[in-house]
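Residue strings, one per chain:
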Amino acid sequence: MIVAKRKPVAEIVEMVKEFKRVLVLGCRGCVSVCSAGGEREVEILASLLRLGCKKEGKEINTICATLVRQCDKEYIDAMDEWDGQYDAIVSMACGVGVNFVANLRPFAKVYPGVNTTFMGGSVDQGVWSEQCAGCGNCVLHHTGGLCPVARCAKSLMNGPCGGSVGGRCEIHADVPCIWQAIHDKLTQLDRQKELLTIAPIRDWRSAGHGGPRTSVRDDLTL
Amino acid sequence: MSFNPNIQAYCCHYTSQQSCSENGGGLLEDGFPANITINRLPCSGKLQVSTLLQAFEDGADGVYVVGCPKDSCHNVMGSQRAAKKVLAVKSALNELNVEPDRIEMFHLERGLHPEFIKAAIQMDAQIKKLGPSPFNGGGK
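Those sequence lines, one after another, are chains A and B.
To get this note's numbering, take the position in the first sequence, counting from 1, and add 421.
To get this note's numbering, take the position in the second sequence, counting from 1, and add 446.
Just chain A, with the same shape it has in the complex (with noise of 0.2 Å):
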C-alpha cells in the first residue's frame, strides 16, 4: 500500500486558516489502513485544525467526509454532495488523492493533509517499511523477491556493497542488509550460484525519469 504520514498540524493550520469552511476529505484505501488520512484520522486533523485556527482567534467550519477512494473518478463525483458548502478541501489522501480532486475540481482549493512517503508494509502493529520503489522493471525473480532497488539504501544491483556488519546496513544499522537477506534467502531456495550471474547495467528509463507514466489496459478502456 501507499504509505503517508499527517503533514504538521501548523503547517496545515497555515494553508487554510484565510477560509472559513474546510472539508476534511479522508480516504478509505491505503491512508486508512496505514492510520493516516481515514475516518478516524480525518476527525482529529479536523478538531485540531478548528483548535489551532481558535488559538489564533479565528474560526472555521470542519466538514468531515472519507471517499471509498480518492484515485478512481467515480468516487471523487460523490463530492457533489458537498458542493457548495466548503471554501477549501484538505485532502488526507495519498498524493494521488489529492491531484485526482485537483483534476477533477478545477476550481476547488485542494491542499495537501499529509505526506506521501512511500510504497510498503505494516511489518509490525504501527509499524510501515519501504517494500517497492515503483521502478517499472521488476527484478524480484532474480533476487528471491527481496527489493535491493528499494531496500538497498545505494540500490545496488550486484550487492553487497561491503560495508555491511553484522547484516546491517552501514548507512542505517538498523536496517538489514538487504543483500545479505538476498543471500541467505537464495542459499536457503539452494539458489545461491544464481548470484555469480552479474546483473548488466540498469536502464532507470522505467522509473519514471521523463515524466509521469501511464498504464493502459486495453481490454479494460472503452
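Simulated from the structure, these hints should not be mistaken for laboratory data.
Mixed in with the good hints, there may be bad ones.
[Claimed, not checked] Here are the simulated BS3-like pairs of lysine-lysine, each with C-alpha atoms no more than 27 Å apart in a straight line: (1) B:K574 / A:K479; (2) A:K476 / B:K530; (3) A:K441 / A:K426; (4) A:K475 / B:K575; (5) A:K476 / B:K575; (6) A:K426 / A:K530; (7) A:K428 / B:K492; (8) A:K428 / B:K530; (9) A:K426 / B:K530; (10) B:K492 / A:K426; (11) A:K479 / B:K575; (12) A:K479 / B:K536; (13) A:K475 / B:K530; (14) B:K536 / A:K438; (15) B:K536 / A:K475; (16) A:K428 / B:K536; (17) A:K475 / B:K574; (18) A:K426 / B:K536; (19) A:K476 / B:K536; (20) B:K574 / B:K536; (21) B:K574 / A:K476.
Chain B: place on chain A using the hints.
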C-alpha cells in the same frame, strides 16, 4: 480574579469504582476539586484521541485520564492504550504550541480513594499554574 479551571477527567469505571459510585458526592467532602468533571468510562482504552481533543474544543483548560496500573488493567491493555492516546494529544498540543501538560494520564490502583483525590488535586494545581487554555482566549 482567581482562575477556576474547567478540568475534564476521563475515568475508568474499574479504576475509580469507589469514587465514581459515590457520584462525586463524598469526593467533594474529601477535597476533590469541584471544578473537575468526571466522565466515567467502561475502560480508559475506549477513549479516542478525538474525544480528548473535543474536550479542549468544548472549553476545557485541562484534561486527564485515570486508568488501571499498566500491568493490571481490568481489560488487559486498556490503560496502556489510553496512555498512548494521551501521548498523541500531548504531541498534538505541542504542535499547536500549547503546553502538553494540559493533559495527563494517571495509572491508579483500583478503589484507592485518596490516590484518586490526590491526582485530581495535582491536576487542578498544574492547570491553575498554566492559566486559562489558549483555545479559550487565554493565549500569552
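| task | Hints the structure violates: just list their numbers, smallest first. | result | Result: no hint breaks.
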